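Quick note on numbering that gives the first Met the number 0: the sequence shown kicks off at 0 and runs consecutively.
The hints are simulated quantities; they were obtained by calculation from the structure and are not laboratory data. From a predicted model like this one, the values you see are computed outputs, not experimental measurements. Incorrect hints may have been included.
Claimed, not checked - Now the in silico label distances, taken between C-beta atoms and shown as ranges:
#, residue 1, residue 2, range
1, 88, 126, 15 to 21 Å
2, 126, 70, 30 to 36 Å
3, 47, 76, 33 to 39 Å
4, 137, 53, 27 to 33 Å
5, 90, 126, 19 to 25 Å
To be verified - Derived pair list, reagent style BS3-like, types lysine-lysine, alpha-carbon separation capped at 30 Å:
#, residue 1, residue 2
6, 96, 48
7, 136, 55
8, 96, 136
9, 88, 52
10, 48, 88
11, 53, 88
12, 46, 96
13, 126, 88
14, 96, 52
15, 52, 126
16, 96, 126
17, 96, 55
18, 55, 88
19, 96, 53
20, 126, 53
Glycine included, C-beta positions come from ideal geometry on N, C-alpha and C.
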Amino acid sequence: MARKQIEKLMAEVTKQKTLVEILCQRSEWIEIPYPPSVNHYWGQHGKIKYLTKKAKQFRADIAVAVRGIETVEHDVHLIIDVRPPDRRKRDIDNIIKPLMDALEHAGVYVNDCQVARLSVQRGPISKSGQAFIRIEKI
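Turn these sequences into a full structure, and let the hints guide you.
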């Protein structure tokens with residue numbers, strides 16, 4: 000989003016609307032980095048599971064991308080448009096859980112169980128790999 004658009008949105012937020020409601024009304028997409036696969040999100044050492052470096056970086060990137068969005072406490076429809084970085088075969092379902100967890104960790108919603116409807120599509124290849132998300136109130 001351009002700086003002027005952000006300033007306009009922030010002005011509307013001060014008028015008692017949440018940024019999520021404004022984004023949902025305008026059907027605007029939030030650009031995020033391409034999510035890591037669930038296979039690369041968690042590591043394990045013996046019985047101990049941990050977040051990998053890729054997972055921690057992705058969480059940090061998501062937190063920056065959604066900064067300023069107030070936490071949603073109602074059910075939502077999460078719409079995801081992924082653009083893989085190359086032509087390798089990828090299971091689209093392997094990126095959903097890491098993305099939903101990162102959005103929860105960033106405070107977009109209280110718990111990812113609030114995602115009552117989920118739509119995912121794979122778009123064209125994007126050199127750096129990226130994804131776009133949209134959150135709609137149900």
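Violated hints, by number in ascending order, as checked against the structure: none
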